[in-house]
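Based on the provided sequences and hints, a complete structural model is requested.
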Amino acid sequence: MPYAAITYRVKPGHEDEIAEIFAHFNRVDTPDYAGDDGAAAGRLLGTGVFIKDDVMVRVIHYDGDFAAIGRHMATQKGVHILEEKLQPYLAEERDTSSPAGFAAYFRNATMRSIAQLTVDTHPAQA
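Under my numbering, the very last position in the sequence shown is 126; numbers go up by exactly one each time.
Treat the hints with caution; some may be incorrect.
Stated by the list, open to error - With a cut-off of at most 30 Å between alpha-carbon atoms, the simulated DSS-like pairs for lysine-lysine come out as follows: (1) K11 with K52; (2) K77 with K52; (3) K85 with K11; (4) K85 with K52; (5) K11 with K77.
Claimed, not checked - Label pairs and their in silico Cβ distance ranges: (6) G38 with G101: 16 to 24 Å; (7) G38 with Q87: 14 to 22 Å; (8) L45 with N108: 22 to 30 Å; (9) R27 with V119: 24 to 32 Å; (10) G78 with A124: 36 to 44 Å; (11) D120 with E93: 35 to 43 Å; (12) A91 with G38: 33 to 41 Å; (13) G35 with E15: 33 to 41 Å; (14) G78 with T121: 26 to 34 Å.
These are calculated hints, taken from the structure and not from any lab test. Idealized CB from N, CA, C, for every residue including glycine.
Here it is, written out as structure tokens:
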């Protein structure tokens, strides 16, 4: 099951405030998400958020079509509340108020994956 990472540039020195925002995050209404056609496109398996100085990274563990995750997240009320609360701490302004704006940010902030190793792909499993 793949992983993806989304970057956020944040103002340094606000790690505790940002951690507090994430401590009260309203999770998505369902981990299952659909594609453009409404058919099942995948499932969110887990997330983790990490911060150091001016960089925050959200790691997403998922199964399915990654592109559909951005559309799913853009419809979640808790995500929009989180985005509003994060706004004062972001080093780079962005518009995530519309589904299209959120999807564009999600797409542009995705880090390039250069390695993903799991126990399932370990040579000892062959």
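The hints, checked one at a time:
{"no.": "1", "hint": "K11 with K52", "in the structure": "holds, 10 Å"}
{"no.": "2", "hint": "K77 with K52", "in the structure": "holds, 27 Å"}
{"no.": "3", "hint": "K85 with K11", "in the structure": "holds, 14 Å"}
{"no.": "4", "hint": "K85 with K52", "in the structure": "holds, 19 Å"}
{"no.": "5", "hint": "K11 with K77", "in the structure": "holds, 25 Å"}
{"no.": "6", "hint": "G38 with G101: 16 to 24 Å", "in the structure": "holds, 22 Å"}
{"no.": "7", "hint": "G38 with Q87: 14 to 22 Å", "in the structure": "violated, 31 Å"}
{"no.": "8", "hint": "L45 with N108: 22 to 30 Å", "in the structure": "holds, 23 Å"}
{"no.": "9", "hint": "R27 with V119: 24 to 32 Å", "in the structure": "holds, 26 Å"}
{"no.": "10", "hint": "G78 with A124: 36 to 44 Å", "in the structure": "holds, 40 Å"}
{"no.": "11", "hint": "D120 with E93: 35 to 43 Å", "in the structure": "holds, 40 Å"}
{"no.": "12", "hint": "A91 with G38: 33 to 41 Å", "in the structure": "holds, 37 Å"}
{"no.": "13", "hint": "G35 with E15: 33 to 41 Å", "in the structure": "holds, 36 Å"}
{"no.": "14", "hint": "G78 with T121: 26 to 34 Å", "in the structure": "holds, 33 Å"}
Checked against the numbered hints given earlier, the structure breaks only hint 7 and satisfies all the rest.
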